[in-house]
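Got chain U; can you put chain C on it based on the hints?
Chain by chain, the residues run as shown.
2 protein chains.
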Amino acid sequence: MSDIIRKLQQLNESDEYPLHMPGHKRSVGCGFFDDVYSIDITEIIGYDNLYEADGMLKDAMERAARVYGAEETFFLVNGSTVGILSAITGVAKRGERILVARNCHKAVFHAIELRDLQAVYLHPEYLPDWDIAGGIEPQEVEAKLLQYPDIKAIVITSPTYEGIVSDVEAIAKIAHAHNISLIVDEAHGAHLPFDTRFPKSALVGDADIVIQSMHKTLPSFTQTALIHMKKGYADTARIKEYIGYYQTSSPSYLFMAGMDECIATLEKEGSHLWDAFFEMRDDFLKKMAILQNIRILQDNDPCKLVISVKGTSMSGVELQKIFLEKHHIQLEMAAETYVLGIITMCDTKEGFDRLAEALLEIEGSIAKLAQDVSNRGQNSDFRDDLNSLSEWRTCEEDIVYSLAEVREKDTEEILIDEADRRICADYVNLYPPGIPLLLPGERITREHIALINRYLEKDMHVQGVSERRILVCR
Amino acid sequence: MSDIIRKLQQLNESDEYPLHMPGHKRSVGCGFFDDVYSIDITEIIGYDNLYEADGMLKDAMERAARVYGAEETFFLVNGSTVGILSAITGVAKRGERILVARNCHKAVFHAIELRDLQAVYLHPEYLPDWDIAGGIEPQEVEAKLLQYPDIKAIVITSPTYEGIVSDVEAIAKIAHAHNISLIVDEAHGAHLPFDTRFPKSALVGDADIVIQSMHKTLPSFTQTALIHMKKGYADTARIKEYIGYYQTSSPSYLFMAGMDECIATLEKEGSHLWDAFFEMRDDFLKKMAILQNIRILQDNDPCKLVISVKGTSMSGVELQKIFLEKHHIQLEMAAETYVLGIITMCDTKEGFDRLAEALLEIEGSIAKLAQDVSNRGQNSDFRDDLNSLSEWRTCEEDIVYSLAEVREKDTEEILIDEADRRICADYVNLYPPGIPLLLPGERITREHIALINRYLEKDMHVQGVSERRILVCR
Chain U
17 MSDIIRKLQQ LNESDEYPLH MPGHKRSVGC GFFDDVYSID ITEIIGYDNL YEADGMLKDA
77 MERAARVYGA EETFFLVNGS TVGILSAITG VAKRGERILV ARNCHKAVFH AIELRDLQAV
137 YLHPEYLPDW DIAGGIEPQE VEAKLLQYPD IKAIVITSPT YEGIVSDVEA IAKIAHAHNI
197 SLIVDEAHGA HLPFDTRFPK SALVGDADIV IQSMHKTLPS FTQTALIHMK KGYADTARIK
257 EYIGYYQTSS PSYLFMAGMD ECIATLEKEG SHLWDAFFEM RDDFLKKMAI LQNIRILQDN
317 DPCKLVISVK GTSMSGVELQ KIFLEKHHIQ LEMAAETYVL GIITMCDTKE GFDRLAEALL
377 EIEGSIAKLA QDVSNRGQNS DFRDDLNSLS EWRTCEEDIV YSLAEVREKD TEEILIDEAD
437 RRICADYVNL YPPGIPLLLP GERITREHIA LINRYLEKDM HVQGVSERRI LVCR
Chain C
17 MSDIIRKLQQ LNESDEYPLH MPGHKRSVGC GFFDDVYSID ITEIIGYDNL YEADGMLKDA
77 MERAARVYGA EETFFLVNGS TVGILSAITG VAKRGERILV ARNCHKAVFH AIELRDLQAV
137 YLHPEYLPDW DIAGGIEPQE VEAKLLQYPD IKAIVITSPT YEGIVSDVEA IAKIAHAHNI
197 SLIVDEAHGA HLPFDTRFPK SALVGDADIV IQSMHKTLPS FTQTALIHMK KGYADTARIK
257 EYIGYYQTSS PSYLFMAGMD ECIATLEKEG SHLWDAFFEM RDDFLKKMAI LQNIRILQDN
317 DPCKLVISVK GTSMSGVELQ KIFLEKHHIQ LEMAAETYVL GIITMCDTKE GFDRLAEALL
377 EIEGSIAKLA QDVSNRGQNS DFRDDLNSLS EWRTCEEDIV YSLAEVREKD TEEILIDEAD
437 RRICADYVNL YPPGIPLLLP GERITREHIA LINRYLEKDM HVQGVSERRI LVCR
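In order, the protein sequences belong to chains U and C. So the first sequence is residues 17 to 490, counted in the working numbering. So the second sequence is residues 17 to 490, counted in the working numbering.
Same shape as in the complex, but just chain U (with noise of 0.2 Å):
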């Protein structure tokens, strides 16, 4: 048990009275939430203070750093967000330049808008066979950064939410010789430091800020994260302030309590604590050897489960759909082409095998139905579209007004077919892979706007686009 737990239990079973917060007073007699409210504390004497951390806090953040590999790591309670709106707030003055994977999570976009930054975009690579975004390449950072010499950070997704790791190595390399900072947000990859069968970490990578999400692949409540910071390149004092600014100023104890544990639980299990994962998910991929139809992505990481039916009759959420409803199987996303599943250390052999049995029933229904369907199902002409996204990552985009100058301006709704020249005021996104095709202050061409009628004809779901209408500025 973590020492945070064990000092807060001790304080529940001692005779001290709380005349502070929070309005609990550790005993609700709800019922269900007893034995937790009896460790929901808020900052007292004798238990330390997340934000001026000299005690029980700063010992479990200290034990982060050295389990992960970090120079300093703060616990972020307002999930991975949190860290990345601080980090980004914090590398880039108002009205700076920063250079983005245009693959990022929205909070990256969110945090551009509310610092009033200039971005320039980073496009990853997009893979045709299973229809996601790939890593971002080395070689155009260095090129974006020749391009414009004053950008003051770059910002990346790694690994994606599909698994996908780019090269972070390289990038920091190029990062620290233009000497400037790399932010990566590895929300999904808590867990990588923990084995070498994993992917290499950004921290390994020698990025100088690295935000985790620790509930998304390791035992830790929802909403908890980390962030490791690294001195030299990065303005660390100022990000740990701007945390302080967008995270809660009553920081919760039992969420610190759960993370101190997990991590504790990592450093004393060590790598054994993954390889009964990695066995019953090693049986797993044995026994779907035989699919024909269904095919599951295998060289990204292993806490990712992409199943792809591209080139077959069944659309990824008809397969998410099937999955819930006949198998009792909740996915953690469905796309167009794939569905996205999510296995950790806390799987059981029982999940894997009803997993197996699912995935071999489908495959006999999708087998059967694929045969009438020439040349591998509807999807026959759909390279054409990757083509045309392929090329479309190497247009610049036409960026008239900031994130932050658009949402000041006057608005209005038109058919997108009228688009053109227009300047754009909404996400517009082809989902999957999400990545956008127009941000806010964009402006639109007729390349964009045949491509999106494109998408619309083939029933894809492009956001920002309903009904044919599209948000520009007046």
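Honestly, I wouldn't trust all of these hints.
What the hints assert, rightly or not - Heads up, simulated EDC-like pairs for lysine to aspartate or glutamate below, C-alpha to C-alpha not over 20 Å straight-line:
{"no.": "1", "chain 1": "U", "residue 1": "365", "chain 2": "C", "residue 2": "132"}
{"no.": "2", "chain 1": "U", "residue 1": "342", "chain 2": "C", "residue 2": "31"}
{"no.": "3", "chain 1": "U", "residue 1": "109", "chain 2": "C", "residue 2": "132"}
Note that these hints are calculated values from the structure, not bench results.
Only chain C this time, still in chain U's reference frame:
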């Protein structure tokens, strides 16, 4: 039991297998948190999504709005902090002017800095008998609005930490007459609407935006809060958008279930819930009527216990120490001449009895010491300071840079005695009462220096001044 908890328990008892976040997969086996992990889920099919709520979370927020008498209520899982950031970002655009009570929570100043607003300040009354800030006077609000017709919104804190309530109704009327919105940080007043024996909530007073910390005075998890919104003078759609910017995209279902549970109970039990509380409190106050040296503030919020030792030989900090070390009672806060306790419906008869015993015992020891000092103790010339602080209120600050501007300036530490005419670069507060004497960007005068020196000579705590040095712009 609330609908959310019931639904989450049913999910856990079902055979539905989680191939999704969180990584603990609802069953961790670490022992302590197991029950709680079992219902800690994220947005999955059938369990709603806070930011696009149309199921159980929508129902829960509508219940909250109904119970609190709000037009619309939104769950906050990052404390009142995120409500304050979102509200202020939503009511004023970059560079616009805002009218703010000088005794607001630091989150208000953070929002002003992040949004790069021009602040005009309201100065609360000062209550010299108790050394605490009083309410905001409506006539000062009116005067400031006439002086600065471009003010876009007003922010005040009511009740204060010490439970002092302003005349929100009068202030809201003035705001609306000027066609602007009133934001009330009611972090300390989530319980106010539930019993007529409490002061009136700002929701009754027709404030446009009211932000409440649920955990402070109600049985709810630390870090849980509510924002209540009324359309008309505030752009509530925009405020809601910003909540999605500042708050995690993975809100804790544990927190939301706990909030719903708390509100459902308050709705069901009604005023009855507070009868035992008021009975215990009345008994306690009757017993305390014999106190001669220690005084208890009685016309503030009944959940706040301000225990003053002003004019005695004991300081608030000493009183806190005796409470904790001798009586094992942990208080909320200690100031120079008083301590603050929080009492709620979750307090017990045993707790009140221990508190009463402790106070009676301490009163005896103070009385004895007090005889040794003339004129009610060492604080006899304190009133001079209070008068000076009182005069202080009438001075207008000389604001050279906004909070955002000063952030980007080079700074240096100099001796306070050499700081005349320099521009302050840090928060300088006399604590208590915690009202800023100087904010970053304000010009330091000889009067400031004299006042700060007088405080330092009396060993009072002036935040932002360390070893007689102060941070100023270069």
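Here is how each hint holds up against the structure:
As the CA atoms of residue 365(U) and residue 132(C) are separated by approximately 54 Å, the hinted pair breaks the 20 Å bound. Restraint check: the Cα-Cα separation between residue 342(U) and residue 31(C) comes to about 12 Å, which is no more than 20 Å; the hinted pair holds. The suggested pairing of residue 109(U) with residue 132(C) holds, with an alpha-carbon distance near 12 Å, which does not exceed 20 Å.
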